[in-house]
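Novice: Sequence:
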Amino acid sequence: MIVGLLGLMLFLAWINYTQVTSLTAHKSRIETSSYITLGFLRELQGAVQQTMHHWQDQLLEPKADLDNIRRSVWQNEVIVALDSLSSHKHQWGQTSLRKKFEEMRLNMRKFQRVQDDVVKALREEVDKKRIDKEFSAQRLYQQRGKVLYSVVKVNLNEIHHLLNQYYAEERANFDSNFAQIWFSTALMGFSALAFGVLVAVLLGNAVATRASALASYTKMLADGNLPKDIPFAQDETGRVAQNLQALTEQLRQLKEFAEKIKVGEFTSETPLFYEHSELGEALHEMYEGLNRITIRDMERNRTNEGIALFSSLLREYADAQSLYDTLIKNLVKYLNANQGGIFVWQEIEGGEEVLELKSVYAYDRKRFIEKHIRRGQGLIGQIWLEKELIYMPHVPADYSEIVSGLGGAVPRAVLLMPMINNEGQVLGVLELASLQQLEEYEINFVRSVAEMIVSAIASIKGNEKTQMLLQEAQRISDKVQAQEENMRYEMQALVGSKQQLASQNLQLQNRFEDFDKSMAVIELDAKGTIFRVNEVMQELIGYDEEAVFNESFTKLVGERSFQSTAFQHLWQNVLEGIAQNQQMTFYSINNNPLSFWVNFVPLRNERDVVNLVIAICTDITPIQNALERAQTRWAAIRQIFYYVEFTPFGIIQEANQAYLKMVGRTLGQIRNQSHQILLPTNSTQRPQNQEFWHELSQGKAQVGNFYHVTQKGEHIQLFGVYYPVFNPQKQIENIVFLAQPLAQTLSIA
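Residue numbers for the sequence shown follow my numbering, so the first one is 1 and each next one is one higher.
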């Protein structure tokens with residue numbers, strides 16, 4: 001009977017072990033499936049939104065490359081995410097969830113076909129092979145495309161909700177089952193106590209002289225108490241007492257083990273029963289299994305915490321260098337490494353491509369080392385070529401890439417991780433050195449961080465290019481305005497009263513001769529007939545004086561320009577004695593257009609009648625060409641980016657069509673409205689308005705991630721810059737907002 005009870009206790013302990021192992025493994029599968037499945041679903045939502053943006057852009061400006069991009073997103077992102085989700089749907093225990101997924105996939109296919117039909121119709125309309133308005137591209141887009149897009153978005157949101165609900169129920173079931181196992185473990189302990197009582201009762205008649213002491217001891221065990229000592233004699237009852245005391249110690253250890261299981265602690269081993277006994281071996285195996293599961297959970301949790309940390313860092317940087325410094329510093333500390341460096345692709349003078357060491361961190365301090373790595377040079381240059389990571393668990397003694405910062409200690413392990421974008425281009429390399437080996441999950445974590453840094457580097461490069469274009473446009477604008485100011489001052493100096501001209505005639509004539517040698521001058525009569533062109537002007541237009549003498553002014557500016565209403569009005573003011581200025585296009589002897597800023601200065605005769613007009617011409621052809629290039633670039637920027645223009649006080653003045661389409665509004669709805677109309681009502685997503693606009697008013701551009709809200713209440717995260725624009729008096733004329741969208745759009749219920 002005693003052997004049977006002991007066997008029953010061992011059997012119950014083994015059942016508890018297998019149940020704990022199975023439930024813990026099931027929880028791990030739930031957490032892994034939840035993380036992966038929801039990640040694929042977010043990728044699918046972002047990819048569908050990208051196809052919609054590319055599709056809308058193609059409707060505005062039909063281009064083959066836009067269609068190729070859209071098709072590529074379908075093939076490489078949407079279809080891949082759908083297949084990945086489909087491979088996990090057999091794990092979903094809810095039939096309604098699987099049905100909803102199939103419904104979404106069917107609508108997704110319809111949506112893709114509608115996009116292809118609209119693009120085909122648009123192509124035929126462009127080629128003028130199709131003019132049927134009933135089936136035009138815009139009509140298909142409005143009647144079917146937008147409706148199916150809304151249906152797909154609703155399907156995705158419903159699946160997201162059902163998945164969250166399903167995984168929440170699974171976690172609740174796990175907690176309930178684990179509580180039952182804990183109860184079973186406690187029951188097994190009390191069964192062991194009952195076993196001790198039973199032994200005491202069976203031996204009571206044989207050891208009557210020790211019955212009282214053993215009865216008291218077993219009563220304490222029966223009450224659930226574990227006394228420290230028991231008196232025993234050197235007889236059979238003494239051996240029983242010794243065994244009971246040993247059993248008590250084992251039960252006490254079993255209690256401690258159960259308490260550790262209850263709080264999820266498997267990091268320290270508690271010896272239970274004899275090492276080679278069946279129960280001891282079973283409990284030891286249960287401990288080892290729970291310990292392995294705990295380690296895997298710890299690794300997964302640490303990876304998730306690290307991903308969240310670096311996601312936060314990538315959203316909060318002020319400039320590129322501070323981002324690189326912060327990333328490498330936190331990566332070295334998070335991995336308990338002792339040194340790390342980040343190399344970023346850069347194009348230096350002469351067009352040569354290199355990997356430049358942007359930041360290095362070692363021994364809890366930033367180190368300043370200048371280094372350029374060329375393609376194929378050393379291990380880092382080799383990674384640039386092969387695009388594969390290198391992990392050296394045993395570093396050779398002559399390794400010298402970054403050991404100069406280790407204080408003479410050779411690292412045990414070195415990890416070199418390439419940062420590759422979607423086009424397969426290496427944008428940089430992470431280099432980490434550690435005095436201890438890196439675990440596999442740590443290497444995978446570094447790979448995930450490298451993928452996150454790639455998008456940040458691409459954004460930094462785009463921002464730098466945008467900033468350069470804005471600065472170039474501002475520089476050209478300032479230069480043109482400065483030229484206008486100089487010419488205005490010169491005209492004011494030339495225009496004087498008739499009495500001053502008479503009294504200073506000789507002095508002015510001397511000055512005019514000097515002026516004539518440095519400025520391009522044309523002299524005209526009241527009818528616009530040329531009777532003199534100075535040498536400076538002759539060199540600019542290529543005509544000599546005889547070729548244009550007694551010719552009409554139209555020979556240089558063209559008949560159309562001379563007869564225009566604006567010029568005739570200007571000429572009439574000149575004949576009335578009012579100096580005028582205007583930008584005009586002259587044509588050289590080779591019929592090449594030249595841009596001039598022309599100041600017309602009228603001169604009166606003794607009868608106070610204007611009989612001579614001096615045209616002082618300033619060649620602004622280089623400035624005009626530069627301004628046209630700047631305007632072209634600015635127009636391109638407004639096509640590529642979302643663009644909004646505000647007054648210095650945050651009142652909306654202008655917005656381009658791309659931005660209006662994104663927020664679902666018209667210019668009339670938002671013009672002369674406060675900037676607040678574009679922002680979410682949630683204060684945590686809004687800029688600190690007073691400080692934000694105060695810094696803008698001080699001329700400080702504001703760069704970062706901003707949430708704007710659509711008319712439907714969707715929150716769209718944008719990466720952009722609020723940029724103050726100055727007038728010639730160095731006063732802020734307006735505020736320009738340029739931005740690009742990030743991948744995720746939040747829906748507000």
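Hints are computed from structural coordinates only; laboratory data are not their basis. Remember, it's a predicted structure, so these values are computed and weren't measured experimentally. Be a bit skeptical, because a hint or two may be false.
Unchecked claim - DSS-like cross-link-like pairs, simulated, lysine-lysine; straight-line CA separation at most 30 angstroms:
1. K146 to K527
2. K700 to K99
3. K146 to K110
4. K153 to K120
5. K358 to K110
6. K465 to K730
7. K700 to K146
8. K100 to K63
9. K465 to K120
10. K700 to K100
11. K700 to K63
12. K700 to K465
Novice: Against each hint, give a clear statement of whether it holds in the structure.
Specialist: Here's how the hints hold up against the structure:
1. K146 to K527: Status violated; Cα separation ~64 angstroms.
2. K700 to K99: 53 angstroms, violated
3. K146 to K110: Given pair K146, K110 holds - Cα atoms ~12 angstroms apart, limit 30 angstroms.
4. K153 to K120: Roughly 24 angstroms separates the two Cα atoms, so the pair holds.
5. K358 to K110: Distance of about 48 angstroms is beyond 30 angstroms: violated.
6. K465 to K730: 24 angstroms, holds
7. K700 to K146: Outside the cut-off at roughly 40 angstroms; violated.
8. K100 to K63: Violated, at roughly 35 angstroms.
9. K465 to K120: With a Cα-Cα distance of about 35 angstroms, the restraint between K465 and K120 is violated, given a limit of 30 angstroms.
10. K700 to K100: 50 angstroms, violated
11. K700 to K63: 38 angstroms, violated
12. K700 to K465: 18 angstroms, holds
Violated hints, in rising order: 1, 2, 5, 7, 8, 9, 10, 11; the structure is consistent with all others.
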